[in-house]
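**Student:** So you can see what is in the structure, the chains are spelled out below.
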Amino acid sequence: MGGRHASGFGFRYRISMLVAVLVGLARMVVYGGPIEMGEKIFKTRCVTCHKLDEQLIGPPLRGVHTKYEEEWLYRWIREPEKLIFEEKDPIAVALYEKYKPNVMTGAPDLTDEQIQALLAYIAYASGDTAYLQARGIPLPTPEGPQEAEVAAPEGAEGGVAVERPWWRRLLWLWVVLAIVILGVGGWLYSRWRQRALARRQAGEDVLVPPSVGEVLRSWAFRWAVILVVITVGMAWLWEWGANLGHAVGYAPDQPILFSHKVHAGIQGIDCQYCHYGVRRGRTAGIPPMEVCAGCHRAVRKSDVVLPNGKTGTEEIQKLLTYLEEKKIIRWKRVFWLPDHVYFSHYQHVVVAGIACQTCHGPIEEMHIVEKTFRQSMGFCLDCHRTRQVDTTNPYYQTHLAQLLKEAHQTGDFIRVASIGGQACQHCHY
Amino acid sequence: MAKEKRARTTNGRITEQAAREYWVDPEERRAVREDGKQERSGIPEEWKEILSAPINRRTFLKFSGLSALGSAILSACWKVPVREAVPYFSHSEDLIPGHPVFYSTAYWDGYEFGAVLVKTREGRPVKIEPHPRSPLGATSPRIQAALLSLYDSARRFPLTINGKEATGEALRRFWQEKVRGRTGEPIWIVTSAGWGPATRKLLHRLREQFSDVRIVYYEPDTKSAILDVHEEVWGKRVLPDVHLEKARVVVAVDSDFLVAGPYPAVVARRYGQARRVHRDAPAQMRHYQFETWHSVTGSNADVRRGIHPGLRTAVLVALYNEVARLAGNVPLLPEVSLPESVLRVVQRAARDLWAMRPESVVLCDVNDPDVQRIVMAINLLVGAYDSGVLNVKRGVLLRQGNDHQFFEAMGEWMRNPRGTVIFWDVDPVYHYFYGDVLAEALQKNGNLVSIALASRKTATVQACQVQVPVTQWFESWWDYEPVEGYVYLAQPVVQPLHGGIPPQEVFLQWIGEGTSWQAFLKQVWAEEVYPRVTEQFRDLEVFWERSVHDTEVVVAQGESGELTPRIGAADLIQRVQVSKVIEEDKPVLRLVMDPILGDGRHANNAWLQELPHPLLRTTWGNYLVVNSREARSLGWKEGQVVRVSVARALGGTYTIEVPVVPLPGQPHNVYTLHLGHGNTVLGQVAQKDDRRAEAFRTYRERNGRQYLDDIRLIDGSEVVLEETGRRVRIPSVQKHHRLEGRPIVKETTLAAYEVNRQAGNHDREHVKELRGITLYPERVFPMHHWEMVIDLTLCIGCGACIAACNNENNVPVVGPEEVARHHEMHWLRIDRYFTGDEDEPQTVYQPMLCQQCDHAPCENVCPVAATNSSPEGINQMAYNRCIGTRYCANNCPYKVRRFNWYDYTGADSFPGNERQVAGGPFDDPYQKMALNPDVVVRTRGVMEKCTFCIQRIQYAKLQAKGEGRPLRDGDVVTACQSACPTGAIYFGDGKDPNSQVARFREEDERLYYVLEELHVLPSVGYLVKIRNIPEDLLPESSEPADNEQHAHHG
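Residue numbers (my numbering), protein chains in the order written: chain H, 1 to 429; chain P, 1 to 1050.
Next up, chain P with everything else stripped away, as it sits in the complex (with noise of 0.2 Å):
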């Protein structure tokens, strides 16, 4: 019996039902029990239960979480991991192991020039600032985010030839055979200008060997009219470099040169520093605008109106003619006819600019000599050339590319190929609306040797027959003349990451000099540079030093004396043919640079993909901007896809399908599209935004030489746009425009400011009254309180704090999908705000982060306390303590909570957990190189925000303390203060009564607080955007400086 029972008992549900034929009540239970024969069974009724129901999902958690529990703690007691401590073996002085090294050097990728310091750690690039002290030390999102194409491993490609892998001694041996074989052809260089002395002069050697060297500059941001017409004038072949900040009036006619051009940042610094409003003497320049789409800088003009194409040259003419008009005693153009709305912005444009003489200029981007010779008279009248305002005798050497120059050589490699051509570091193949045309003809034809020296993998890369992997910016000597007499030299901060050679020094390879490229380079500044800056330095070995350590040299000018114009408004004035080419009812395409990609060489670059465009809001891809009232009455909604085709003149069509997003202010019957997306090849992250517009490009004939043209007329014939029926979610990052009536953004006019400090800020009197009233008790801040101010005029929405913001603070990218999601990372945002008329709106950039509330209604309802003041006026947000409730997020009125859905980092211990985004920073082990060791990398999970920079801060601090010294002002710049081009963002300690954010809370009537009346005492103040629009010009709707904001839905 015994032995059965045993048996049975193996099997815990036979014993339960053997147990309850006996066992149906416990009173029966006990009395069996006592009576002491029975076996007891020994387990308690609760647990035979559990041990008997059958497996659920809550019992197998609870068993599994014990479980898991139990093995991880026993499986990490056995041992105790083994970390390595690794030492170098030979000491640097410079090189202390968490203690950051800047180096000077520059940036130029061929699309943008910047000087800057980077920033390193134990020998990596960590981040990228401007350069203190250099005139062209600005960065744009594009700077900012370079980090991660530096280390973007899908650049690497091997050297090949005819696609076999070789080696140098191979490519020379093909050099001396294919190439110097063959005397007599010709060989051309493609490539962009900007090149300094030493590379210049390697190229002149290059010429002096060969007889016939052809350098052709390409440039898809093309000024060949502007240069052409500046040849005609000035006898130069250069950009004016434009000196905005000199400026008091600027008409702008189709130009974007606050984000796009050869350095944008620049140019933006220094319209910051003409926009600046100072209390004590309040003056402006004042901006106006005319544009064909709706520019990031036309968003930022007083008086904006947008065109159609066909109107654009009768908006010059008639700019001119009242401008000669004041200034008589020059021809007039031929009367054209405008609508009255822009004649009357034309006529007070024109009075202002005689007005302001010599402190007055026009800026137009349009690629037609004709054009450009109508402003350059414009220009000439007011004296623009004579005050500084544009620049030529110190000109501008970037963007020297010539458009007929490169058709003509196009023209030959199709119709008779022989020779060589050289693409150093240019993409024609990706950018070149024939590119596909182009690739075929290096690929088809075994008499023209192609060679493509590239950093990145680029689509001509893959076209040419020799493929040479060269260094790029950061990763091997440079030196660079952007503008006349400005010489760079760049030094090398990381050994190059993807293999590569200089391209120099495959040059001097080519022209036997034995010499490496850093010796030549030393030589030639040597003989070039030393001479003409002699007096500045004690010897050749101090200049070297300096110029190392400084980046920049300022040189004396070659040709002394007075500049002077070969030809006077009047005569140039006789040579303009107007001429209308598009009928101003004619829906048109109009084709703009991207202000955030660029040109499109930095496609493989998932921070910049992931960066709002400034006006549209939208990331990741190529978007078909149209009016939205046109939108309306065309039933098209936002993302509503539309197939746009062109018939090609060399045979077959190009079409994208391409999702529409509406935009108030577009003009009518104008669909713009962006450049430089669809750049496929460049990699992972690339091919996500796959809608190539550079097709669409054509060119126009012009005095006997062709232009690129970026206007398509949409006539049925050429450009067709058809509806497609389908409708997609765009990866769009706001989606609220209305403010709610609330006065989340204020602004008024400058004249409204002179007479009254208190312009557009009145309400806050009553606010400021409200602020004594609360059921908290008073914070006491021991020895800090940081706060920011932002100053909403100058705010351009260019998104570079952005940019620097994601790199310092090691921001995930979450890719298209999460961000149609509203998943999006971003700490800092900047929203954009309309107001007034729908077609001719006022735009309103408000960088939106974290306010760091001294009593932040997020703490409050933490259950964790896992997000808490500081002593320092921060709201600090401890990520271990997280546990993912999102309380927090819900209750910030400022919505500037982010919370990580998914693994977007890699950081978690579970594989499980992770999001991968196709080649996310995270997701290369190159690119997590770029992450700031400073800063740690948050889970899946956690709540994380704007920290104001707290390693900058801690860090500042702590070289205080470690130097002996109080803190000064200006000690701790904020990641996105440093990189604001126009100086838009003021950081500081608000306890320290002399510091800038201090002054500007006692004394500046401006300064106000979002959302101010809930009492939760943001540490971030905005100062009231302030307009410089003329009285007869105000819109009648309203008057800003008194009515509240009503925003448009966009």
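For reference, chain H alone in the conformation it holds in the complex (with noise of 0.2 Å):
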């Protein structure tokens, strides 16, 4: 044995080595690899300035990871406006004179590890195998980086699942089924009758059904009709009652036609960049006028043509009169709740984790947004009562500790509405 040298080190060694493979292989489980969590970052902090092969708002991307020295981007990401007016960096305000008014929005919050896997997402978009390569960067799983998942609804088809009754969705077999059965009958029937009739022209003393005609006539089928009539209306009734306010189907012609396709879909634009409220308050906010201003003050051309038959350039000109006049776009407002329910953004998204097109459908796809289903109670609870709470959150750790101790035990899970989802004052008060 080499003394205490080795042995002692040697074991502390492998120890920590080992806690150290095994959190990277946690959080590659979390972030996935560095690939990954750089495409994360890419997607939702440059993607609003920046395309990889395109001119934005900032210049196109690919190869930009060599392009420049590693340590100046490092920088640059993060105090582009230090470089730019305090040092003078010479790239620097040569990138600033080319792109200006536009000055890059420093991200001093990344990490070194973050703005690594960015850059390497960077090199693994442009090919450059042999730069990851160097850095030991392992390549992501066979399928690659996959765009942005869209989370849709579980269950939903084509976008958003609409409830129907079952009875409603074999409607065409019923009415087949109905006029089998009526016509069969009818035909045994008036057979049944005939003979009847025959034999008692024949004198035997037999029982005569009634004519249609006779049944028609008679009080008991005029109630029959009433009752049917009037259940069935109610029923319609009820339904449409319910349906009142909801709105389905709901998609107005707005100021300006703001695609959220475009935004959200084609550029891939987080939806909480603009409507950044969510990450702190109960309302999503619509965004104040300066974040439109923010891009379109350079982005002023967009080939896109949209449904109303005009271009993006029209709809940006609209934007742009607006903010040249100082005037205030008054939206039309498609989704909203009664003012009864309290319903807070920021426990949703941010503490749940559950995806914008849950409640709203798939607004990424939709040039003009629309209401596509009813945000009604019974569909906020079917949520609550089938959803899993995410035990993960320390809050839930130490307050369900012993419902924890318990469904563990019974292989259950902790869903929504055996922690006070269904409570009437969780939501109204």
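No lab work stands behind these hints, which were simulated from the structure alone. Predicted, not measured: the structure shown is a model, and the values here were computed from it. Hints may contain errors.
What the hints assert, rightly or not - Straight line, CA to CA, 25 Å or less: simulated SDA-like cross-link-like pairs of lysine to any residue:
#1 P:Lys991 / H:Ala417
#2 H:Lys327 / P:Tyr88
#3 H:Lys82 / P:Ser92
#4 P:Lys928 / P:Glu1002
#5 P:Lys393 / P:Gly639
#6 H:Lys326 / P:Phe89
#7 H:Lys326 / P:Glu122
#8 H:Lys332 / H:Leu257
Claimed, not checked - Partial pick of chain P residues on the chain H-facing surface, computed with a CB cut under 7 Å:
#9 Gln491
#10 Val494
#11 Gln495
#12 Pro496
To be verified - What the simulated footprint calls covered on chain P by chain H, stretch by stretch (three residues with Cβ under 8 Å from a Cβ of chain H suffice, anywhere in the stretch; the number is not a length):
#13 611–623
#14 945–954
Heads up, the beta-carbon is just placed ideally off N, CA and C, and yes, glycines get one too.
Take the two lone chains, each set in its own frame, and fit them into one complex as the hints suggest.
**Tutor:** Structure (structure tokens):
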């Protein structure tokens, strides 16, 4: 044995290596590898101004990982303004001159690891595997980085699941069945009546069923019809009344045809970039006009042809006019809840991590936002009854300790409804 | 034939008549039909009846209901109502819609000071909270309700010069011509004190520019005599800062220090610290009170004696003599005679004062320098100034009102009207007893220029030639120095709502400074405050930012070293001239500050008007308080209207008709009226409270100086009291005063508690045993179980919790007529019970709110399950499900459910349902902004009640989840809890074993639940009230420690 040195440190070394590997693996599981992580950062932070190949507000980023020195890139990403205005770094000033008046928004909160991941993603997307190999960055799993997953609600086909009653799904079958039964039944009945009539004419004392006309004229039949009409009418009224105010299919024309499909879908801008209220507040909020201005002072052209036949450029021009005249756009509200409902976006999006589309539908596919289904209390409760609580949150781990233990024993899950998700005053106060 | 028939069938009735002729009986009808020749009517017999019957109420309702439903559906189907979503133009980092932002600032309305946090939503203030870090951060009901005064649109008035609307430029010209032009003539600035360095500097500049500027401090709640005597003894015109938390014995003589004063809530907080009894080392400050009416403070005393004003000086003389005898070597005052029952208490109090010196103090608010000299002598003898119980080193700079100075100025305006008088947010026309004479003088005298700078349209504003609307607290920058060395920088939290510019800006214009007020303020703070605190801050910018952020800056004191009295007690007592003013058997009128309305500047605040008087339990008005036993002997019942009039020295009489309220403990032959009412010019709400008592005040002369006096002899020549024979219904909230023999409130004495921690709560053992016997299954609460504990020892009855609750939960105001019908909507009430002798009762205040029962009796009887129990132990109320049967309210043993008999809030879609409460918060579009956006406004026909501030619980839980941490004890603070100045209310998660409420439940023997034997499992516990009554002064009739409570009819 080589003395204390080898034995003592060796063990600790091995343990710490093991821990490091485990932590790394755990992170891989949580975040994916560095390339996945970089992709995520790219899609949430950079994509508003940059694309890989096209110039948007800022330059295209393909190959940028080798275009500049790595150290400089790190500083530039974190504090571009300082480099330009305080230090008058020549490269930075040149970039500024080219793209002014826009200055890149710094990201001082990104860690070294995150910036490295971001550069790795750019390298990967640029096909520069040598860069990755030189840094020992593993290539992603065979499928490669996916397009940002648009979380579709479970059970939904082509967008949003609209729960129809079972009998309505098979309506055509019912109609056919009814015709067959009526036809066959009527034929059998008339045969029976004819035979009975014939036998009576022959002098036999038999019961003759009433004719169809007699049946239709009878009071019993009339009452039955009235009963059926009222029952069906009421059911229909109920259904109609329940839909009142939910305005399913509501898709008003907005002052500007702002296309969510272009912004959230094609450009892949994160919802929270504009609806930043989600991050802290109860409401997601309609972005202040200056958020629009932030990009559209530079982005003034778009070739997309919108459903109203105009091009994006024309719609952008409308926005620029608003901005110039300092007028406020009065959008028409598509989604709202009544005053007696307290709904917090922060709770649902940040804490529970629910995708926007779960309640709003596939917004990123819509040029004109449409309310595609009923946001009723039943809709809320259906989700609360099935969705599991995120028990990794220390809040739940502490306060649900007892319930978690029981759930662990029975192999059950803790659902939102079992911790108050169905209590009246958790939403109505 | 057929043609004729068709014509006739257009009228159903004719057809039917025709049919009846043929078809009399069903058999025949069928026969006819089979015949096939007759036309069938096609209408069933039953329908015919309906169609033919004359339209009665039932059929009308049936059809109208059906058609209303149909039309509602049809009309609703045509179009989706367009709702707009209007974004902000520019981006503000702080402002996230739906997310509250708190601003630190200070509140000073000229009557009351408080450091506060203002909660804003989308830029509008929605709640006022006490400042958690400032020593002056405590809130009274007035500060809690001040939000409504902020939004009050009745305070708006235009800038006017001699009756004509004018511009700021015209005002500047007016000043140049009319004021600056007349050099040498005096300028009076009448204001209230408490200004900070920048405002003082401004007034100083004004003084430099004009030769004769006289600043007159005017306060309706005057402390003139106290200031005079402090100036005489300490050489400083300050009030002592009363640090009751350091005191062990307090003897108060006619001092309502818990609810009146420059910052009563702060004093109450300190009082609470000294009164709180800790289980492991029980100790409690002892509180004696001698008073000439029944005050809220007196009702909290351990030993209280109601005395006739004729005996007041005698009590102090006797108290002084007793203390002087114990001290020895000091002269005595001439002995006076006192009734045995009072003398016994005075002697005991004196012994306690001496025994506990220097942690003992005498407090007295009598506006008479001779009385104040005696008080000062006693406090010097016991060393109250040495121990810091009374602090004059850092004295109080508020309430600098100088009666003599004001009376002199008044005299000059009348006799020799010249110069200019500026009333800066003071209202002497209302407050001063010759206000009408003053108003006339101001309007008549063209030589005397009168200018009013005011934040609301007061009587004084209306009397002045120049009327300038200015901003008030929360609307612009302010600086204050309420206590020496404690300077406050109050930032604005909202734009001026009703026009108006900062008053300081007006002065800056007048002295020709070009800067804005904000720039001036910043500069003065940089020059005068910053140098005194340089070592605490890195640089000036940091200093400024921290000052704005913290509001409060503590600066080193100007004069260092010991402050010593210029005169000792012995010399001081030589100067006392004891004079008997009033015979002790004569009836007197005693005027006192209203414990809720204060001095009346908030009289247009509907929240305050509907807040019940803690002792009288009355709302909306001024009432004549009479001893209950005396009222019986006079044959006066509650609501008996009495005419009170006064013949005035300057001619004429002033008369009001006021209903009587009998009150146990009120001294005999003393009739009390409250000041602060009848300020009707303030608006619609104030007009409902029209009995002004200010005109009954007078003044007395002492040592050649004048002092305001609040005692009038009812001798038939000056003040006259007559019966009118009428009786009215009083909007009172407590009609039932009996406990029906049930242990609803429990109390004990400190001595008994020291021996046995279960004292006063012995019966709970038995009730606890009963707890297990039940048919109900045991409830399981997976996450939290919200519980509240209220310490009855600490509740002083002030009502701050009710005001806070009203604001937080959008509780409607219903108006006096509705309160008289017991339709008040307060979710939280403070029940008041008396015990003991009717003339010397002891009072218990018990906050009563929904007890959030785990087996709630209200839930079982709801036919639609609109009220049920949440998994967190809250008895929840789903308003939208409620159909208004009111079964729940009938089945509630605590009577805490409130029903919306009318649409008090204007929330109903049918305008006919609304009940307009004049000037109520929902009547005024501005005041609607005071509504809490996190709580829904309830409609007519819906039951409501305390929710344990569910919105705050949900918010705190959400913040914890968002930050990924467990909920900590203290994260959820209910509105009543945060408002309570004494800290009597505890709230938390009972499932957290370390929470305060869980510790009380598990460890404190004082805890009990009201009506626990019903097995409704309430979540609100109460701690037995502990009084520190000396053994020898215990009431003979009962020992509260063991005997059951019995209450008196009040």
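**Student:** Against this structure, judge whether each hint is valid.
**Tutor:** Comparing the hints with the structure gives:
no.: 1; hint: P:Lys991 / H:Ala417; in the structure: holds (20 Å)
no.: 2; hint: H:Lys327 / P:Tyr88; in the structure: holds (10 Å)
no.: 3; hint: H:Lys82 / P:Ser92; in the structure: holds (23 Å)
no.: 4; hint: P:Lys928 / P:Glu1002; in the structure: violated (44 Å)
no.: 5; hint: P:Lys393 / P:Gly639; in the structure: violated (49 Å)
no.: 6; hint: H:Lys326 / P:Phe89; in the structure: holds (8 Å)
no.: 7; hint: H:Lys326 / P:Glu122; in the structure: holds (21 Å)
no.: 8; hint: H:Lys332 / H:Leu257; in the structure: holds (11 Å)
no.: 9; hint: Gln491; in the structure: violated (23 Å)
no.: 10; hint: Val494; in the structure: violated (20 Å)
no.: 11; hint: Gln495; in the structure: violated (18 Å)
no.: 12; hint: Pro496; in the structure: violated (23 Å)
no.: 13; hint: 611–623; in the structure: violated (count 0)
no.: 14; hint: 945–954; in the structure: holds (count 4)
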